[in-house]
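K.L.:
Residue-level listing of the chains:
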Amino acid sequence: MSEYFRKYIALRKHNIQVAIKKAKKSRNCYLFLAPYAILFTMFYIFPVVASIFYSFTYYNILEKPRFIGLQNYIALILEDDIFLTSIKNTFMIAIITGPLGYILSFLFAWLINELPRWIRSVAVIVFYAPSIAGNCYVIFSVFFRGDAYGYVNAFLMNVGIIDKPVLWLINPDYMLPICMLVILWMSLGTGFLSFVAGLQGVDRSQFEAGYMDGIKNRWQELWFITLPNMKPMLMFGAVMSITQAFGVCDVTMALCGYPSTDYAARTIVTHLFDYGFSRFEMGYACAIATVLFLIMILCNKAIQNLLSRVGT
Amino acid sequence: MSRKEKKAKTEKVYRKPLIKRRKPNRSIWGDILLYVFLLFVAFVMAFPIIYAVSSALKPLDELFKFPPRVFPQNPTLDNFSDLFVTMGKSWVTFSRYLFNTVFITLVGTVGHLIVASMGAFVLAKYDFPGNKTFFKIVTVAMMFTGYVTQIPNYLILNKLGWIDTYWAIIIPAFASPMGLFLMKQFMEGLPTSLIEAAKIDGANEWKVFTNIVMPNVKPAWMTLIIFSVQALWNNKASTFIYSEERKTLVYALQQIQSGGIARTGQGAAVLVVVMIVPIIIFVLSESQILETMASSGLKD
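Sequence order for the protein chains is Z and P.
So that you can map any letter, position 49 of the first sequence is 49 in our numbering, and since no number is skipped, the others follow by simple counting.
Just so we're on the same page, our numbering is the position in the second sequence counted from 1, plus 312.
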């Protein structure tokens, strides 16, 4: 047994020595990477660590952070009803718009794939434009205005479905569905581009082989040839849409107000803003950020496991 | 007839027909149904944007007309000129806001492009200890939004004394993981023999990077540029910058927008001004962006 361990340690030592030698040889590589690595550590890795650290303290910027253990997390879960609302809202939005937006991205990328080149490029612009159109989503607050002059209200009243105007963006019952609608409108983003490009890259001869082997319609072709070829892009798109779905805050803040009626449209990120930049309870806000971070990472890992089984 | 012209002529003969021949396993009705559906969805997607543009062109009396019309009857540019008048009367001049945004966008994008492609180059083409681990961490960083790190970022920038300067926006933008990721994936597609040939000819790493690699990854440049411009142009920067004279254009425009019902026309003009820049850049560089995205896949 000890023989085995000694061998193992010797091997490890050898490996480390080789690595150090290699590292010395590739000094230039590290020099190239250094600017990015330093900035990345400073603004991405370190903040995550710091956020986890501060989440165990009481910190209001003026005083020194004071260690209070798990109290922030206990308060979050047991005392903060609004946080629970925000978690519920965020999950509702994420579970509905995340997968739906992802599927829509793929579906449209796939449908426009066979169009002639110039029509395809116009279609890509039309579908992708909403997600880069700045704060164009504000226009939806005109459509869903609460009085009889709001277009949706006017239309529904003319048709006779409702007899008095609905306060779409003030009534808690309607807020979330409307926000979801707007988020879905904007959901054909980076993932969509990746799908469009990936579909163009699928090897044509595979389709021909598929015809020979008796693939009957476009759906069989999709499942047996296209999807397995697209796996890396599917992964990338999933990462993008999960990140987007859990980070919702701009749309709800712009449409339903901040704070919204009865906190009906509060998401985790708006809750984070409230504590971080309005009340300056940094420790508490960091606890919220840590919870959000964990949710996102776990979701991504779970989805990646799921996707690695596609087409097998 | 020169050889070139001849070649052009033969190529013309073999050009594909406008509408591609149907694949053998497709039904005509399925195709027609799908394209009608697609047209409908495209209309729905485009409608809010079309509506925003057209209401920016409406004169005031048409903006409040009921029932509303999608297209203006007498289109004017009054809203835009009103916007400039309002901006001209503000305490900080319009040109200053514009300068702020352009400066932040330009410096942030150029810096990001240089820093990220330097990192991507070695990650893609050299094998050194820590290479794979670092890239894995970068991909993990793509999995959470920037909001998670915003509070510690504020504290860090505060320690550095960068709060209320342009650098608070610019420097963190250099390290955006998305740019490095796309650049690295694209550079992996470059043939290694190209780099080896240059090395045999006596070029050092820096020479290889500037003279061989960078000219060959131009499509990826455009992609990094559009993502970076998009993020920086739309950056309100209201958390990190509080002096009025350093605020960005988007922030100032949105202040005008929230000016209530009298500013409805100008508000619509603001929407158009804000969205037009990223969309135009995208339209101009679409094919290059798609070329880059083809290598964007995430392997595990």
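Read the hints as simulated data drawn from the structure, not as lab findings.
A hint or two may mislead.
Which residues of chain P face chain Z? A partial, calculated answer using Cβ under 8 Å [claimed, not checked]:
1) A543
2) N547
3) M605
The following residues of chain Z were derived to be distant from chain P, with all beta-carbon distances above 12 Å [stated by the list, open to error]:
4) K7
5) Y8
6) K21
7) D81
8) L84
9) P99
10) R120
11) L167
12) Y174
13) M235
14) P259
15) I268
16) L272
In the DSBU-like style, the derived pairs of lysine-lysine whose C-alpha atoms are separated by at most 35 Å in a straight line are [to be verified]:
17) K301/Z to K444/P
18) K444/P to K25/Z
19) K519/P to K21/Z
20) K437/P to K559/P
21) K25/Z to K511/P
22) K377/P to K511/P
23) K437/P to K231/Z
24) K377/P to K448/P
25) K437/P to K22/Z
26) K444/P to K7/Z
27) K437/P to K13/Z
28) K64/Z to K511/P
29) K530/P to K25/Z
30) K548/P to K88/Z
Think of the CB as a built atom: it goes at the ideal place given N, C-alpha and C, for glycine as much as any other residue.
K.L.:
Hey, K519/P versus K21/Z, does the alpha-carbon distance stay inside 35 Å?
P.N.:
Cα-Cα ~24 Å, so holds.
K.L.:
With a cut-off of 8 Å on the beta carbons, see whether N547/P makes it to chain Z.
P.N.:
At 11 Å from the nearest chain Z Cβ, N547/P fails the 8 Å test, so the hint is violated.
K.L.:
Taking only the CA atoms, is the gap from K444/P to K7/Z under or equal to 35 Å?
P.N.:
Given that 35 Å is the threshold and the Cα spacing comes to 26 Å, the pair holds.
K.L.:
With 12 Å as the threshold, tell me whether P259/Z passes as away from chain P on beta-carbon distances.
P.N.:
Holds: least Cβ distance 16 Å, greater than 12 Å.
K.L.:
Need the status of pair K437/P, K559/P: alpha-carbon distance at most 35 Å?
P.N.:
Given pair K437/P, K559/P is violated - Cα atoms ~41 Å apart, limit 35 Å.
K.L.:
If we take the beta carbon of D81/Z, is the closest beta carbon in chain P still more than 12 Å away?
P.N.:
holds, 22 Å
K.L.:
The output says K7/Z does not contact chain P. Does that hold with a beta carbon cutoff of 12 Å?
P.N.:
holds, 22 Å
K.L.:
Beyond 12 Å on every Cβ pair: is that true for L272/Z relative to chain P?
P.N.:
Non-interface label fails for L272/Z: nearest chain P Cβ at 6 Å, not farther than 12 Å.
K.L.:
K301/Z and K444/P: Cα distance at most 35 Å?
P.N.:
holds, 18 Å
K.L.:
Quick one, are K437/P and K13/Z close enough, alpha carbons at most 35 Å?
P.N.:
Holds: K437/P and K13/Z sit about 27 Å apart, inside 35 Å.
K.L.:
Mind checking the alpha carbons of K437/P and K22/Z for me, to see if they're no more than 35 Å apart?
P.N.:
holds, 15 Å
K.L.:
Within 35 Å, alpha carbon to alpha carbon, are K25/Z and K511/P?
P.N.:
holds, 16 Å
Violated hints, in rising order: 1, 2, 6, 10, 13, 15, 16, 20, 22, 24, 28; the structure is consistent with all others.
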